[in-house]
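**Q** Given the sequences, and given the hints that come with them, work out the whole structure.
Protein chains in written order, with our numbering: chain C, 1 to 405; chain B, 1001 to 1517.
Worth flagging that the hints you see were computed from the coordinates, not collected in a lab.
Every residue gets a Cβ at the ideal spot worked out from N, C-alpha and C, and that includes glycine.
Don't take each hint at face value.
[Said to hold, decoys possible] Derived coverage of chain C by chain B (criterion: at least 3 residues anywhere in the stretch with Cβ under 8 angstroms from a Cβ of chain B; other residues may be distant):
1. 93–99
2. 325–331
[Stated by the list, open to error] Partial pick of chain C residues on the chain B-facing surface, computed with a CB cut under 7 angstroms:
3. Glu22
4. Ile25
5. Glu26
6. Pro53
7. Gln54
8. Leu176
9. Asp211
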Amino acid sequence: MKLLKFIPILLIPFLLTGCWDEIQIEEYAYVSVIGIDKGTDDKISVTFQIINPQIGTATSIEANEPPSDILTFLSPDLVSARDLSSISIARRLTFSHTNAIVVSEEFAKTDRFFPLLEATQRDVDMRREFSIIICKEKAYEFIRNNKPPFDTRTSKYYDFLTSKWKETGLVPLSTLHKVSQKTLDDTGLLLMAYATTKKEDVKTNFDSEGDFIAGQIDKTDDNPIQMIGAGVLKKGKMIGVLTGDETRLSLMLRPHVVTNNMLATFPDPLAEDFKISAKVSKRSNKIDIKITDDYPIIDVTVPIILSITAIPSQIDYVENMENQKTLINYLEKRLEEKTMKLVKKTQKEFEGEPFFWSYVARQKFWLYEDFKNYNWMEKYKNAKITIKYDVKIEDFGKHRIDLKI
Amino acid sequence: MPTSYRKLTKKNSSLSPSFKKNDQNINKEKLTGDLSKDLETLENIFFSSKNHDFIIRPVYISALNIKGTLVYLSGCVCVNTLTKDIIEPLINTIQTSGNDIISSIINNIITNKNAKKITDIPLITKAIIQGNTILLLENCKEAICFSTQEFEHRAIEKPVIENTIKDSKEAFVESAEVNRSLIRKYLKCENLISESIEVGEKYKNTIYVMYIEGIADPDVVNDVKNRIKNIPFDTILNVSLLEQYIENRSYSLVPTLLYTERPDRATFFLSEGHVILIIDGSPSCLIAPATFWALFHAAEDQYQRMPYGNFIRIIRLIAFLIALLLPALYVAITSYHSEMIPSDLAVSIASAREVLPFPNIIEVILMEISFELIREAGVRVPTTIGPTIGIVGALILGQAAVDANIVSPILVIIVALTGLSSFAIPDSSLNYAVRMMRFVFILVGISMGFLGIAIALIVSITYLVNVTTFGIPFLSPIAPNYPSSHDTFTRGSLLKQKIKPFNISTLNPLKRKTRRK
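**A** Laid out in structure tokens, this is it:
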């Protein structure tokens, strides 16, 4: 009897909840990449790259099928496009394993880009950790042109590609989460990874390895993709492009260390034709901001530690302290010049800063209201900025002295 | 079926009066002093005309010049003791002093280790059953009972279930005497009590209750003894049955007594204040009370050095969780939470499941039942055809089922891992509990996903906290918390294990001298 009384209680949870959300894992179609283009009128053109699960997994089922299916169609918005896709895809589309959203530059420059992006966050299927990539051409072209030779599954490819930002700093980290976080307070510029599959304005006379924006590199490869530089967004709208070097510098100017151990080259101060390569790592910046009513005064010191990896000119920097001093002075000056150029560009051209200095400036105010009323973005245009680099050479690599031939 | 059942009971009821009659005849009867009459009474009791084992051996005690008769049951007595220590001295001794016949025999003639006077017929009957030899004397209202008990049993062997790499390789055998001697070997202590309690209405069986006076909590000892005394059944053959008579909750999946075959382990529990139950005929003992930790630990944990011991405990904890939850998590993930796993895994599970005919729940239950089948068959199968099980199991479940597209290869990994993990749970009762709960978790996993598994886990833990074993909370000393040496999920170094767990007993809690008083 006791057991009989207990049975209804056991059954209640089954009545209250149930298996209505249940959907078997194989009934889904996994979208790896989403492309967004400007459509006609107020529509958007959505591209889905859907993974074919049978390709690239070690199952005994032999399938002579393409690794993915790409479809493009017009839709009023991104989430409803998932249902619209059922016109041809038999499975239920899911964005839960999406790795990247590719947005065409054309669409990113419209007002509708950010609202669209933000709206998708309400959908349970959307992950906040996928990367947002701005591409120069149409997104559907970009997705179709991208044929990674090693990664059968494109989601993996985008995953690897964007995760390299931390080592190289040539592209910024731009996940949906970061984007919505930074856009919230609307006090600076936002950087997003910039890529293309089309070679244009090929640059052969470049200053250093990062002096490109995507498309300018003369590269021979079956896969035409190039991802370097950053799209600059202001108030959710794209307003310009930074080169790889500029992206690196702006990441270096941020209050916290975001990239470390990136490899960089610079001209040899004592031998014009040669370059020196080094591994650059960095400590936290000292950012000193004084607020005046008309403009802020910003003093930034960037401590940099170099680990020299190659000195092809064979000039003795190791034991000759005089030479070392020249090298350090030269580097500090060069970096300062380059950075000031970038800072001027942000002040004049973009009228905002992508360096997150607003975080430091914010601390100078008692109330967030005061900071908002101060209007940082406007005041930044006239800010007096001085930047100092503090270069230290940590070591000279494995060799102490070069072999003289 | 009902008719035959009725027949059986009828037959039984027709049998029992004669049994009772026999009982009533001998009740409270004493020896008459007439040798032939007393012998006849005993012959009646033991059905001597039919019973071949009932032996009557007349002797002439030359020293006292009287006739006597030895009575015993063959098979229960040691023939060597009987002839060397009893018959030989009785016949060969020529002279003795003393007035009293009985005491002169006991004191001067017999060399047997144990002898006492006995007068009541029921006591004589019992003594004979237990393997003693009775000497009836002519014209004497008293008899002598010699201890000649010897039952056949195995020699001491290695533990079969609870293997360890280090230390003692002895296991209990089917003799209470040997088992008690093993425990006394490990624990040389004057406070070690072994009380005997007789249970069984018709066929008396002795249960030995061992504990250390001054360490074991008297309440627990009394509780155990009372439960044993109140068992209303005819007979108790061994400790496995005893466990079911005295445990707290018969319907519960949670065991409240620990069954062990290692004397060293039993000793360890004795020294912490537990009570040990031993029965003749069981190659193991019961430890009461048994908390979750007693079931979860293995002897090896303490024998290995502290870091190694902790390592195997953590591995066992992981195994415990895998055995309990892995199939349920698989079912929940593949039905509700495909976003929770890495993309590559999701896609590879999807591709493997694409061609399968059944939904995942049927797939999982099919495989789990097959695995339990192999396991059960493996236990029951005669050892001569044992290897067949491995071949059939491995081939059918591992290879053929995947090739035939009935289950996915990932599920084979999951079932294999789950099975392997369940072997790592040392106690067989806990093992069964985990294996049965696994199916509950699978069902909740398929109906409510992670939410359901979370609810089921909370309910299970709540239940475990509520269970008591002989008045002691099952999850103590962790919940509720008691002072202890923290020998639970992990263990400290032996030097740090200063106190005995307070949840078991608070008497003499220090394991070693402390500097401070």
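**Q** Does each hint hold? Answer for all of them.
**A** Each hint, compared with the structure:
1. 93–99: holds (count 4)
2. 325–331: violated (count 0)
3. Glu22: holds (5 angstroms)
4. Ile25: At about 4 angstroms, which falls below the 7 angstroms cut-off, the nearest Cβ of chain B leaves the hint on Ile25(C) intact, so it holds.
5. Glu26: holds (4 angstroms)
6. Pro53: Interface hint status for Pro53(C): holds (4 angstroms vs cutoff 7 angstroms).
7. Gln54: OK, holds: Gln54(C) within 7 angstroms of chain B, min 5 angstroms.
8. Leu176: At about 15 angstroms, which exceeds the 7 angstroms cut-off, the nearest Cβ of chain B leaves the hint on Leu176(C) violated.
9. Asp211: Check failed: Cβ of Asp211(C) comes no nearer than 35 angstroms to chain B, outside 7 angstroms.
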